[in-house]
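Peer 1: Sequence:
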Amino acid sequence: MVECSQNINIVKQHNSDHIPIQEQLNDSTPKTNKESPTHYVIETNEVIQGYDENGRRQVNQYVFLKTIGQGAFGKVKLAHLKDDPCQLFAVKIFRKSHLRKKKEYFRKKEGGMGFKSQLQNVQQEIAIMKKLVHPNLIQLYEVIDYDEGDKLYMIMDYAENGEILKWNQKTCKFSPFRAGQAYLLESEIKKFMRHCIRGLHFMHTNNIVHRDIKPQNLLITSKLKAKLGDFGVSQLFEKGDDDKISKTEGTYHFMAPECCDPDVESFSGKAADIWALGVTLYCMVFNELPFWDETEFGIIQKIHREEIKISDSRQISPGLRHLLSRMLEKNPENRASITELRENDWINEELASLVNSLKQTYNMHLLLFTEQFLLQVQISDYLLYLKQKKFGKQWKKNASNKAMLERQKSKEQDEASPKDDQILHQDVNNQMAKLDMNL
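Residue 237 in the UniProt record's numbering sits at position 237 of the sequence shown; the count goes up by one each step and never skips.
For the record, the hints were derived by calculation from the structure and aren't laboratory data. For clarity, every value in this text was computed on a predicted model and none was experimentally measured. Treat each hint with caution, since some may be false.
Quick list of simulated restraints, FRET-style, between CB atoms [claimed, not checked]:
hint: 1; residue 1: ILE48; residue 2: LYS330; range: 13 to 23 Å
hint: 2; residue 1: GLU350; residue 2: ILE310; range: 33 to 43 Å
hint: 3; residue 1: ASN161; residue 2: GLY319; range: 19 to 29 Å
hint: 4; residue 1: LYS151; residue 2: GLU350; range: 38 to 48 Å
hint: 5; residue 1: GLN49; residue 2: GLN301; range: 41 to 51 Å
hint: 6; residue 1: TRP167; residue 2: GLY50; range: 33 to 43 Å
hint: 7; residue 1: GLU53; residue 2: SER317; range: 46 to 56 Å
hint: 8; residue 1: ARG57; residue 2: GLN315; range: 45 to 55 Å
Capping the alpha-carbon separation at 25 Å, the derived lysine-lysine pairs in DSS-like fashion look like this [stated by the list, open to error]:
hint: 9; residue 1: LYS302; residue 2: LYS166
hint: 10; residue 1: LYS130; residue 2: LYS225
hint: 11; residue 1: LYS101; residue 2: LYS151
hint: 12; residue 1: LYS103; residue 2: LYS247
hint: 13; residue 1: LYS247; residue 2: LYS116
hint: 14; residue 1: LYS166; residue 2: LYS66
hint: 15; residue 1: LYS309; residue 2: LYS173
hint: 16; residue 1: LYS96; residue 2: LYS166
hint: 17; residue 1: LYS225; residue 2: LYS75
hint: 18; residue 1: LYS166; residue 2: LYS309
hint: 19; residue 1: LYS75; residue 2: LYS102
hint: 20; residue 1: LYS173; residue 2: LYS225
hint: 21; residue 1: LYS116; residue 2: LYS151
hint: 22; residue 1: LYS116; residue 2: LYS103
hint: 23; residue 1: LYS96; residue 2: LYS116
hint: 24; residue 1: LYS116; residue 2: LYS101
hint: 25; residue 1: LYS77; residue 2: LYS101
hint: 26; residue 1: LYS151; residue 2: LYS102
hint: 27; residue 1: LYS130; residue 2: LYS75
hint: 28; residue 1: LYS116; residue 2: LYS102
hint: 29; residue 1: LYS130; residue 2: LYS166
hint: 30; residue 1: LYS96; residue 2: LYS77
hint: 31; residue 1: LYS77; residue 2: LYS66
hint: 32; residue 1: LYS77; residue 2: LYS130
hint: 33; residue 1: LYS82; residue 2: LYS101
hint: 34; residue 1: LYS77; residue 2: LYS223
hint: 35; residue 1: LYS170; residue 2: LYS82
hint: 36; residue 1: LYS244; residue 2: LYS116
For each residue, glycine too, the CB sits at the ideal point set by N, CA and C.
Could you put together the complete structure from these sequences and hints?
Peer 2: Here it is, written out as structure tokens:
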């Protein structure tokens, strides 16, 4: 049996300006482009190939174990660090000669047609992943690209539980990632959706649309955290630019109605992402697609022309049903935005309970729940929203009045002591950590 060390401090660096992988793994705090426009990804132009003592193929410090994915343009291997078998990575492997041969045409913004190779698409994927530093997005750690060699390697997060749903080609239905489980529990769905919304909000805030959200690209870690992955067709928009897209990408079953309308020349990439996430949510709930046909043309026609019908194959809560209807609104202008999803009552039910509990426990101390306070203790921004929504100005006024009465009784200042602050901060941190772990 191999013992997994808790403190790993390795990784051969080929450029002293880059941050070691372990330092990146230890920093799970989300960053925005204002703080860190580009993630420090190790870029290695040296390849040392061979075999380890067990006869397994090795590239630099990575030992390959098995193939865990196969696509049209490459494969994905499971690998571990040579000096620590417990530090696992998913490694995308491409043949550059093959990618150069595959070309596609596209419409230029200034008019006319252009073409690009799949190698350019992979390079764009790498550029986008450098900007994606968030615990609910698959992270890129290193790119190995030897100029004179034919292979390109992308070293990424490995999600041990794989895709959230498994597709059965014979029955044309999904099943949960846990073998033998009929359906995902509604509480599990809520947790995974909250993770997806956080990751997608980070992308949209940083002017990136995913364009291929589906259960196969929603991966579950050993700690039951959901991460969006596969940014091969994602698109980055320039600052100040809108999110209009004129070309459809992704999987037919998850395309939005406006993408299937031949009369629509361009559409919102963000709204299309929300629809795809809504279809993914539908699949998580019912193990089936909301629109199905034997042919691609039939699927597109149904998405474009037919109204959504919520399945009655299982009972679901009114809050979940309402969320599905908001995400699968056929008119993109009326469809839920990512902000609405972050503020959704069903998504945030447990956090609302936490706020109520803290309100009863701390009374006037909850006046300390300012944006600055939340940043200091690194609490989810849902908590700030819920505090404002559930209690609002009237609650602040009532709490202030209560604080004044307390002060008159005890002749104390209307301020919490440093010790009280410390206790409050610690309690909130502990309860949020417990909540996030259990959900």
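Peer 1: It remains to establish, for every hint, whether it holds in the given structure.
Peer 2: Outcome of the hint check:
1. ILE48 - LYS330: 13 to 23 Å: violated (54 Å)
2. GLU350 - ILE310: 33 to 43 Å: violated (24 Å)
3. ASN161 - GLY319: 19 to 29 Å: Given about 26 Å between the Cβ atoms, the range holds.
4. LYS151 - GLU350: 38 to 48 Å: Cβ of LYS151 to Cβ of GLU350: about 46 Å, so the range 38 to 48 Å holds.
5. GLN49 - GLN301: 41 to 51 Å: Given range 41 to 51 Å: holds, Cβ gap about 50 Å.
6. TRP167 - GLY50: 33 to 43 Å: Since TRP167 and GLY50 have Cβ atoms about 37 Å apart, the given range 33 to 43 Å holds.
7. GLU53 - SER317: 46 to 56 Å: holds (54 Å)
8. ARG57 - GLN315: 45 to 55 Å: holds (50 Å)
9. LYS302 - LYS166: holds (24 Å)
10. LYS130 - LYS225: holds (21 Å)
11. LYS101 - LYS151: Distance ~14 Å between LYS101 and LYS151 Cα, so the pair holds.
12. LYS103 - LYS247: Judged against 25 Å, a Cα distance of about 15 Å means the pair holds.
13. LYS247 - LYS116: Since the Cα atoms of LYS247 and LYS116 sit roughly 14 Å apart, the hinted pair holds (cutoff 25 Å).
14. LYS166 - LYS66: holds (19 Å)
15. LYS309 - LYS173: holds (17 Å)
16. LYS96 - LYS166: violated (30 Å)
17. LYS225 - LYS75: At roughly 24 Å apart (the allowed maximum being 25 Å), LYS75 and LYS225 satisfy the hint.
18. LYS166 - LYS309: Status holds; Cα separation ~23 Å.
19. LYS75 - LYS102: The given pair, whose Cα atoms are some 16 Å apart, holds under the 25 Å limit.
20. LYS173 - LYS225: holds (23 Å)
21. LYS116 - LYS151: The given pair, whose Cα atoms are some 19 Å apart, holds under the 25 Å limit.
22. LYS116 - LYS103: holds (5 Å)
23. LYS96 - LYS116: holds (14 Å)
24. LYS116 - LYS101: Satisfied, since the Cα-Cα distance of roughly 10 Å is no more than 25 Å.
25. LYS77 - LYS101: holds (23 Å)
26. LYS151 - LYS102: Holds - the C-alpha atoms of LYS102 and LYS151 are around 16 Å apart, at most 25 Å.
27. LYS130 - LYS75: Judged against 25 Å, a Cα distance of about 21 Å means the pair holds.
28. LYS116 - LYS102: holds (8 Å)
29. LYS130 - LYS166: Violated: LYS130 and LYS166 sit about 29 Å apart, past 25 Å.
30. LYS96 - LYS77: Distance of about 17 Å is within 25 Å: holds.
31. LYS77 - LYS66: Holds. LYS77 to LYS66 sits at ~6 Å (cutoff 25 Å).
32. LYS77 - LYS130: holds (21 Å)
33. LYS82 - LYS101: Outside the cut-off at roughly 34 Å; violated.
34. LYS77 - LYS223: holds (21 Å)
35. LYS170 - LYS82: Roughly 40 Å between the alpha carbons, so the hint for LYS170 and LYS82 is violated.
36. LYS244 - LYS116: holds (20 Å)
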